[in-house]
Amino acid sequence: MEYQSSLSSKVIEWIHNVQYEDIPFEALHEAKRALLDTIGIGIAGQLTQVSTIAHNFVLSQYGSSDYHHSAKLWCSNNKSVSMCGAALANAWIIDSIDMHDTGHYTKGHAGCALIPSLLSCIHIYEKNNENKKLNGKEFLTTLIVGYEIAYRAGHSLHVTVPDIHSSGSWASLGCSAMLCRLLKLSYDSTAHALGIAEYYGPRSQIMRCVNYPTMLKDGLGQGALVGISSALLGELGFTGSPAVTMTKVDDNKVLFDIWNSLGKEYRINIVHVYKYHACCYWAQPSLNAIDKIKQKYPNVTFMNNTISSIDIYTFFEATHLLQTVPKTSDQVQYSISFSTAAALIYGRIGPKLLNAINDQKIINLMEKIHIHIDPQLGPTFMLGVRDQISTTDNKNISAMTSNASTIIITLCDGSQYDSGLSFVKWDKIAGEKEPSDEELIEKYMWLCKEAGVEDQQAIEQLKDICMQDMENIEDMNILQDILADLDCTNSYKYQTT
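Taken in order, the sequence shown gives residues 1 to 497; the numbers are from the UniProt record's numbering.
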């Protein structure tokens, strides 16, 4: 393709040529953790109305009679649809539970689109590799390709545009890169596919969904669909414009720095973090602040009839989160007042609590919550402290660094309880302790329990595939087979029948 820079050529070469043995152990292990975490969230997503809508939609619109171009829907009684349909539906469902992994500097999420997309590509890999099965090592290597491309594309996008775009707008490039690799596309076809993915990727300005929370969420279903489609189109000879985020690097020092570290610096190890609660990342510092108050003052009882006010001091973007009583689970996940009240009363915000929209205890406590902008939490807050990657990006160097909150609870007797400045739990870049393997396994097990999964053998098998046996697996079909047959007794389809 014309207009490719020398650096973008190296990016395409890396997509196709990097091998399992080239990747550091730490990056491989983080990809395993991300896989398990995302699978757990996808299982929990079956509790949402989105799961039923997604399944019904793709079953009617994205069927496939061709084995190589088919994939399975998770928790669907073993139903198959097209690759595009499976990637779209499974990513939609994961995105319906705002508990998926997050990448600093991207202002969003990658695994939600990457993992269902990669699972949708297992059959087509056989077609293009003489019926050879996709093994665990290649699966893991390809997943890391997706993360590394997606995280750089997300950072690059936000360097070149003034507003915050949804994760689907840039995760699509990571999804495309993975399938380009598995299809063994030529250099030109890969360049076209990436250009198609960037061009067709959803623009979806995220503040629109923050201000009006709906099922659109972070655009990741559409990002997965576009990513898979772009590679398939590239294979057929469909042409695309050069991906701006990759090809304008010679004229932009920031973009050059972002992409020049590919293969030398693994962002999955540096910027990749996990969520403890099922709500927007911007609300999570306030939930951690509540937890800190409980820990600091274990002998104080915080109840609605003893509390006079709860004042939250946080950064500007977080004040745009919903402050009125939510009417849907999507509004709950983009609410700062509801989630803070729920955390004080019940603790951890999980899938079941997302449907507690009529809980009068939470609603009553919300009336005492007041949200304030903390002027110190501006774009230069902690500037440089978290500068842990190779970049000269002064605009986005503090991406998410202002994501902090202080809560002061005032009781009716006038006594006050101050959380101190709090960051997102598990956010290693913020100085918080990152989750151990055991903690992520516990989260996965908890999500399976919330979803009502009774097949303990399947739960354990999924965990072992991700965390222990990956490199020894000869056919990764086993992963989507287990997921497709998994039954969630608390799923939305059972709630409505």
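Treat the hints as calculated values from the structure; they're not laboratory data.
Every value quoted in this text rests on a predicted model; they were computed, and no experiment measured them.
Please note: incorrect hints may appear among the correct ones.
Within a straight-line C-alpha distance of at most 25 Å, the following computed PhoX-like cross-link-like pairs (lysine-lysine) qualify [unchecked claim]: (1) Lys428 <-> Lys296; (2) Lys449 <-> Lys493; (3) Lys327 <-> Lys296.
For each hint, the structure was consulted:
Simply put, Lys428 and Lys296 have alpha-carbon atoms about 22 Å apart, close enough for the 25 Å limit, and the pair holds. Between the alpha carbons of Lys449 and Lys493 the distance comes to roughly 17 Å, so the proposed pair stays at or under 25 Å and holds. Taking the CA atoms of Lys327 and Lys296, the gap is about 33 Å. The hint is violated against a cut of 25 Å.
The structure fails hint 3 only (numbered hints given earlier).
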